[in-house]
Amino acid sequence: MAASKTLGERLRERGVSRRGFLKYCAATASLMALPPSMAPAIAAALERARRPSVIWLSFQECTGCTESLTRSFSPTIEDLILDVVSLDYHHTLQAASGEAAERAREEAMRAHWGEYLLVVDGSLPGPRANPGYSTIAGISNLQMLEEALAGAAAVIAIGTCAAFGGLPQARPNPTGAVSVSDIVTDKPVINVPGCPPVPMVITGVLAQYLVFGQLPELDEYRRPRAFYGQAIHDRCYRRPFYDKGLFAETFDDEGARAGWCLYRLGCKGPSTYNACATMRWNGGTSWPVEAGAPCLGCSEASFWDAGGFYRALSVPAEIDGARILAAGAVGAVVGGAAVALTRRRVRAGEQAREPVTVDELEQRQ
Amino acid sequence: MSDPMAFLLWVKGPMFNWALAIFALGTLARLLEIFLLGRRPNYAEPRGGEWGPGLRTVLTRSVADPGTFQRAPFDVLVGWIWHVGFLIALLLFIPHIELIQALIGLGWPGLPNPVVDAATAVTLVALVATLIHRLRHPVKRHLSTAEDYLIWTVTFLPLITGYLAYHRLIGPYPLALGLHILAAEIFLIVLPFTKLTHIFTAFIARWYNGAIFGRKGVQS
Amino acid sequence: MTGGSVSDPATMPAAGGPDWDAAKAILNEVRHALRHFVATGESTLIDLRAQPFAPGDLERLLAWLGRGEVEARVEALGPTRVWESAVPGVWLVDHRDGDDQRLTLQIEVAEFPEILRSPAQDIEQAVAILDARLGAAADGGP
Amino acid sequence: MSEPSIERGLQALRAEIDAPVAAFFSSCVHCGLCAQACPFYLETGDPKYTPVLKLEPLRRVWEREFTLWGRIKAGLGLSPKVTDALLAEWEELLYDSCTMCGRCSLVCPVGNDLQYMIRKAREGMVASGHAPEGLIGAAVRAVQTGSPMGLQWKTLEVQIRHVESSTGLTVPVDVPDVEYLVLLSSMEIINFPEYLEAIARIFDHAGVGWTLSTDCFEATNAGVQIGSKDIAATLVQRIVDAAVKLRVKNVISPECGHAYTAVRWEGPNLIGRPYPFHVYHIIEVLDALRAAGRLRTEGKETDRLSLHDPCNLARKSGVIQEQRNLMDLVAENFVDLEEHGRYQWCCGAGGGVSSNERADALRRAAFKRKKAQIEAVEPERMVTMCATCRTQLEEGLEEFNMDIPVVGLTEMLAEHLVEK
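Residue numbers (our numbering), protein chains in the order written: chain U, 2 to 366; chain E, 329 to 548; chain G, 550 to 691; chain L, 2 to 421.
Fair warning: there could be bad hints in the mix.
Said to hold, decoys possible - Derived contacts from chain L toward chain E, CB cut-off under 8 Å, selection only:
hint	residue
1	Ile18
2	Ala20
3	Pro21
4	Val30
5	Val108
6	Val111
7	Gly112
8	Tyr117
9	Glu134
10	Gly319
11	Gln322
12	Arg325
Just so you know, these hints were derived from the structure itself, not from any lab.
From the three backbone atoms N, C-alpha and C, an ideal C-beta is built for every residue, glycine too.
Could you build the full structure based on these sequences and the hints that come with them?
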């Protein structure tokens, strides 16, 4: 494995000019959502960067995350990133299959023990679940994760399933699916949620690790702040309409055509932290809200169980009208009965009551 | 890992239904407790009507008479400011309107967010001022019970948590939003069992006041 | 030169600033960068990719900024197009990859964009390269 | 015969709680604005005189026994009981520091009619034996002698003779089937005998048929003041009996505030049926005569006059414009106090306070509010139409060495009648 060469050396070997390298660094800064002024620092770091080994495990997943990654519309940069990264195991992307593939994984683990980056997409049946719900080469997901974890430098959980449990965990969670961080306790974990995550965010996080060799700053959900630091809502180009109170009421009304805010159509942008509004999808072509679809909140925990996608964020998941009415009726009965009892008592008291006389008054004197 | 989100879903789901149920139970019980008591027949020859003056008082009592305004300008002004601000935040913030529409099917246009935001900020300041006033004014201090401070807190919390959530001043956001909803639910639960009932009963009280005076030919 | 001259009224930006929020924010940043450049000589880079643009905003902004006198093209890891806007010192740098897909689009407030400068390390080797080329010619070149 | 007791007091309080009371207590937010309407708080600065606080015994009964949460709280021991000690402590607050002027009822932002509840709370105080001595004395004298001051018919008879000799008119006594039965107040008979003479002259002038009744001449109602509906009913029944016996069409309440509200508004409910006659305050009758052109006057008072509206007449009965019409008839330099009519300030003596010697200091303190109002207008004389108010104004102004005489409106009017 030629992991000893720095990235700078490798790029020059590939005939990348200095202007090309400068451009590469500018693109990388942009990718990492860093200010363009960081490009020189990135260049310096990249000159020294080593080629890390990456082991990518796919568990209860739909391959959407991998699809997203490979649909990244910056193939040059992508190639470069993936080229400088030694993707030693990824059972969808690698050429080898079957036992050869598993051997590659074991070899890579041995060769880079304690240094490799472990990438996981998909949730996995938890310790108390039937491990048979998801296995690879006869090995349960949990066992494979725990083995791979032991020698990993850090773990990147790609996609909402790996980060938060995702759709496999949706009620009633038949497979007992858990997230990676439910299992990992002693290794740094970076969550890169999204269903799937924005491709540039996946590569951006990898680039960050590659360039700086350390974990980025994370939020409460262990998401890199660089990409998940702001709510969709706060970066949405439709935000001015929200602030002015201009809303699309249906998917085909005037407001929808005029590009007004989709809050009333269920947009979860206010509670969703992701980079869609600025990074966009398909090489910056568009993103869901721009396409007229409310944000589903796919990069947030429990988005799958948080009520209808087309119900406004402030509306409760389910309104139990029957219970409220029943409680009201109980209140009416209890209140009514209590008053009736009091009234009966007062009336009985009045009937038995003796009028106040002046003689009685005088007794006090 | 999903604790704040689980919390948010709990306050938006089961807790919300519980809060509304307790609110419905308590409010209906209280309203019946009032109306079922009724009034004794009044045999005195009336000088004026009851309904008209009663309804008029329901409206007019919102505005203080000039003398009272002179003697207690703080109470009148700040009282107005925070009540109006609270109502703006409650009834004219779009997400709230959405919620009300989902609940009762009635909706209305909201105000632009910067306006609601400003109203909320003003209301928060006004509420703090009312607390200070309550702690310092001899009559208010003397009158105040633990319940009064509880009610102040219960009123303040939905506003401050809403403000913090809107401006994302505390995180993570699901926790901030969840706390806001929970604060509103506490408000709903506490309402029927405390002086917060005045939200409904003040109008009943004003009507009785106007009717009692109106019958005697005085517009109260 | 594909753009009209600066004095051509047909390509002059419309009077008054653009009225959409995203453009306002960026132009404000550009203005700040220009003042900073005049005062200190330090250049500024503004990434136009990670902006909350509405559909068409970017195109409108570029149209509003207009075209100045200079336009250049760099071939390195795919094409990079560079042009000066109608505002002197405000440059647009459009990095694209080999498939002509945009990598980044930046505004650079400077005398000229960094990407156009010949890298010093390359110039250090320039004589050698020239000699090599001359040698190649002597050996039987054209 | 049983004795007043806490149990009887609680029962009386319970019986007084109706829908308005429940709505009022449900609505109080402890804003304290009622204090800003109360002369007793404003002039003493003591927050214990905050009106709504005076209702604490009644409020506790309501909370503990008439609300769901209150019952739970009471069950848990979290809601304090109404004890005899509490009622004893509240005696001063409910009697000495409240004239039931009703100003707080007009100011309360949530619309609580506090005065309505004070009246009710006093029922519990009487039944539990916590009424002030002065009021008990007045009530006992009223029931036993027919007058809270112990005045006998023969005293009035002397005055009647006096009026007859000075006017040359006959004062009709026990004349049946006339238009009006005229009632008097003992205080008037003793302090302001001019009133009877004025009535005799005005009614003669206007050609009004009227009479006094030897069965009942007293209009005041110590039962209403002390807060006993039993005693109040006894006293009202005497008036009704006299009026029915003489088959009069109308009963005239004298220049006395509480007498009017007692007969006019409470009376029918005390006896549990409508009257077969109408009740008017003398000022209403005089204004009706004026409107009908039956009062021909000459000359006007030229000095600066102002008017004190009795609470019971103005705020609590809606007689506000009538006295102003009459003032315009006989005064050319009349100026109203700044807050007047339904927003007038109490003189500090009503609601039984003036019969309660223990409350003297408070009564004098409360007057300072009225005094300040009068000072602001600087009248040369004050006019009013309630003997209690008039006595309080006279005493108070004298105490502060203010040389402002107080006159009754009826007698002032009588002085301007065109001579036949």
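Index of numbered hints that the structure contradicts, given in increasing order: 9, 11 and 12
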